[in-house]
Amino acid sequence: MMSPITQQLISLVKGQVPMTNRLVEWEYIIRVAREVSMLPRIAAMSVDFSNLETLPSYALNHFQAAKCSSELLKQHVYFEAEGLVKLINKISDEPPIFLKGAAYLLAKYKVGEGRVFSDIDILVSKELVDSVENKLLVYGWIHDEIDDYEQMYYRKWAHEIPPLMHCTRGTQLDVHHNLVPIISGKAPDIEFFKNDLVSICDGQAKTLAPYAMVLHSAVHLFYQEEYHHGFRDLSDLHLMFSEFGENEGFWEALFLLAQRTNFTAELGLACRYTNLFFNSSIPDKWMLKSEGFLPSRITMVFFDWIFFRILQPQHPLCKVSYIGLANLIAMIRGHWIKMPLPILIQHVSTKAYKAIGEMIAGKGAFKKNKEQELPENLPKI
Amino acid sequence: MQLKELEYGDLSEKMHKGNIGIDLGVASFRVKSKLPDVQKVFYELYSDYSIVGQDDPTDFQVSIQQSFSLRRWFKPQISFSLDQYTPFLPLPRSQAYPLLEWGMNWCMAAHQHNFLLIHGAILEKNDEAFIFPAPPGSGKSTLCAYLANSGWRLLSDEMTVINLETGLAHPFVRPICLKNNSIDLVKEWFPDVVVSNIAKDTSKGTVAHVKPPESSVLDLYKTAKVRAIVLPHFTLDKKLDIYTLNKIQAYESLSSNAFNEGMLGLQGFRAMTRLIEQTDTVEIFYNDLNSVMEFLTEGVFAQ
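Just so you know, the sequences run in chain order A and B.
Under the numbering used here, the first residue of the first sequence carries the number 1, and numbering increases by one thereafter.
Under the numbering used here, the first residue of the second sequence carries the number 382, and numbering increases by one thereafter.
Among these hints, one or two may not hold up.
[Said to hold, decoys possible] Coverage of chain B stretches by chain A, computed from C-beta distances (three or more under 8 Å per stretch; other residues unrestricted):
#1 437-445
#2 490-503
#3 569-579
#4 631-645
Bear in mind the hints are in silico, worked out from the structure with no lab data behind them.
On a predicted model such as this, the values are computed, not experimentally measured, just so you know.
From the three backbone atoms N, C-alpha and C, an ideal C-beta is built for every residue, glycine too.
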């Protein structure tokens, strides 16, 4: 059973005013939306409401404020993208490819409206990674301090270099050379994803073709260990299916890419859960085909048990039963599919060692700077 | 219904469960804490405020809780949350109440973008409001406590709230946060005011909160027209020196104290420049609060 709040949020994502009996239900909707980073998204979708009067002013005020923050994020991303593109185009003829949240915004897709994200992701060729990194380091981008273990993890096993941050603006940047960790053994031949790239930023940069964007989003969602934003990511997929589904050849290209890159299971799960949650408009023919991609029936009973829980907004108000257990299993699964067993054991024990230390000494005990920390871009009071 | 109409036992039980909502005009807060000292101070300082009805929504749901770690047995810490989100690292147990107040301010600055928010006190006398924007340490809160207890209406000690359409100031009346020496001074000047326990060694030094006058709390929904912006600098060897600022200087000083001007984009800039254009701005260096008060009520602004 989905909680009433989840159902109300689903209506809002679809641009419909949900049924409410008491005004306080709007407080619950806003709280859950805020917690799962969906408030700006449902605020953005609310411009489609034909009947704004049905929205109480309480909700409108919160939507209006949330729109301010997503508008600022948008401007910020446009500004950063311009600078990054200039820098990278200096060292290569190959324009950078923007991924995920930043790409949704820069390509002006509906899924980008009110999409909250904390870092900009770009994809460059493996051969270019070192020179791009060096260039960025010269131009004010710095690496956060990380320990030797993490350094090794990124350099040897990951699909990206350690995260970068701009030294004055604080913008976070991830430079990728593949879409999933190399150590998983499942990293695809990235060239398949680079077909039919779409021009953005006045032709100075690229983003993945809509079908590749959708597959990347699905892979990202079902390769995670942590599903705090699972509901938002699933709603990304729903919005992309709605926006791109009518495009000529979209479904053919999506399914072909999934087969070529061995991500059919992820595509199958994406179709299944967007359909279950959002009743997304996936044509029958393709829905049927996607069902053939799903794991065995027994595995699916198990998967449904987990994903039906963790893809709901995670907030105590949503009262999802056994959510803690489902999250734990999802975390183990997320690690499992990304790392071979001996490496996984080493990885988990290193992380556990730190976690135990924090439990004893209190949060933040391992931070070098023990001053109070405020999130980025927020005023100190 | 005012908070003081509740028995303390009722409030304690409601705060324990997070069932008490308090109306602060431009925003309402649901406050949760199991800590008896926080409950007690909250009951004292917010007694004149209205309670939000059971079926009415609140804007921010805040809590102060003891952090969970083994450390709680030898060096307990507390943390502030907005609903499920914890924006700051934990602080020592003794700073629980100030952290609640600062956390509530943070909620506004981080989320309430329907208004222009400026870091500064705002008080009104004879239907004219004065904004005192200032960084910590300038004497703003002491001046604010002095005026608020000398017949001025307190709109806010910490956060000036400007309507984006009308340019009028909305009250956001809250307890006044006094630091260090000013705590004893205010107690000496106004022996009847209610002052919370002091918390030592906070990031702002020793702090205590002063209960706002009831009349100001009752006027929570009455907006005010801003007459002037006054930049206070408490200066030991100056009785009262006054300098007029031009519009550019005024904009710079006000803008550097704004919480969300950038967040509001063009709207924020327009609200800010309109405020500057419609008011006068002065910078004052003083050691005598009464002279400041006389200047504001009987000086150039009175004409």
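Worksheet item: Which of the numbered hints above does this structure break?
Response: Going through the list in order, the structure violates hint 3 alone and respects the others.
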